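Chemist: Please take these sequences and the hints and turn them into a complete structure.
Sequence lines, in order, name chains Y and U. Quick note on numbering: the working numbering labels position 43 of the first sequence as 52, and the sequence is numbered without any gaps. Quick note on numbering: the working numbering labels position 51 of the second sequence as 218, and the sequence is numbered without any gaps.
The hints are simulated quantities; they were obtained by calculation from the structure and are not laboratory data. Note that the structure is a prediction, hence the values are computed from the model and not measured. Not one of these hints is a red herring.
Here are some of the chain Y residues that sit facing chain U, going by a computed Cβ distance under 10 Å: (1) 25; (2) 41; (3) 67; (4) 78.
Using N, Cα and C, we set each Cβ at its ideal position, and we do this for glycine too.
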Amino acid sequence: MKKAEMLFAANYRYSFDRDLYVNREVKKAFSLEFVDDKPEEIVRKGIEEATGGNGWKFYFNLPPSERVRQQLEKDLEAA
Amino acid sequence: MPERLIEDRLREEYFDLLPEIQRVLWQLEAEIRFHTLPILHDLKKPEQLLVKSRVKDCESAIETLRRISEGRQFDPEQASSYSLLDLPDLAGVRVLVFPDRRLKEIDDALRGRFPDWIAKPIPYVEKTRIVPKYFGYCHNASNNVRGEYQIVPMLLGLFWEVEHSAMYKFRAVANSKEMQERRADVERSLDNFEKGIERFIQF
Chain Y
10 MKKAEMLFAA
20 NYRYSFDRDL
30 YVNREVKKAF
40 SLEFVDDKPE
50 EIVRKGIEEA
60 TGGNGWKFYF
70 NLPPSERVRQ
80 QLEKDLEAA
Chain U
168 MPERLIEDRL
178 REEYFDLLPE
188 IQRVLWQLEA
198 EIRFHTLPIL
208 HDLKKPEQLL
218 VKSRVKDCES
228 AIETLRRISE
238 GRQFDPEQAS
248 SYSLLDLPDL
258 AGVRVLVFPD
268 RRLKEIDDAL
278 RGRFPDWIAK
288 PIPYVEKTRI
298 VPKYFGYCHN
308 ASNNVRGEYQ
318 IVPMLLGLFW
328 EVEHSAMYKF
338 RAVANSKEMQ
348 ERRADVERSL
358 DNFEKGIERF
368 IQF
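Modeler: And the structure:
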């Protein structure tokens with residue numbers, strides 16, 4: 010299964026402003042670059058990873074800084 | 168006092184640079200027109216050679232810089248590291264040629280004038296063909312702002328103008344297998360049309 014299809018099947022939606030695959034219910038977001046660059050198995054593991062849902066988990070090639078993370082969380086919660 | 172937005176600092180940088188960007192564009196366009204003039208004068212009836220130039224507009228430049236970061240978010244902790252001078256295409260010239268049998272001739276003529284410019288060709292028709300693209304400095308106009316030129320088969324270039332503006336903000340869709348195949352179909356058709364023209368018209 011293609012990586013984007015895997016994400017859509019797991020209820021992720023694509024944010025065109027941010028180029029992120031986002032699932033607000035489980036509070037996880039995958040960057041377009043991460044999905045493009047990583048093998049299917051890594052993306053699958055990310056989708057299946059249990060995070061507890063207390064805070065957002067970002068799957069990026071380069072982890073976002075604290076301030077970028079805060080801004081993204083704010084925007085994703087508001088959207 | 169509220170923190171100054173990175174976007175505002177980049178807007179100030181843009182308008183500080185604008186006269187320099189304009190100088191680079193004038194220089195680059197004039198040189199490209201000069202070096203392609205013998206080819207222009209030698210064109211046969213159905214052939215066309217068009218030189219188009221543009222200064223990248225302020226918001227588009229900032230958006231391009233912003234879209235380099237994952238999550239499309241400037242990092243305030245790295246505020247001073249962002250500069251529009253990182254963009255190679257603030258001043259850009261596109262040479263459109265129809266049909267593309269003259270493309271190599273134009274590429275060779277301009278390469279002779281800009282031998283040290285860095286090549287960054289654009290692949291098309293599923294990476295089986297390339298459009299020559301280069302960027303570098305016109306040192307008599309600026310040592311800061313780079314210029315960029317590309318030489319594009321005319322039909323392909325006109326298609327890309329529409330396609331890029333429609334797909335620019337939708338990279339995931341543009342990169343999808345389905346859209347890549349459709350884009351390749353159009354590019355292949357345009358390429359075949361140009362080959363057909365070359366085959367059937369006596370130059």
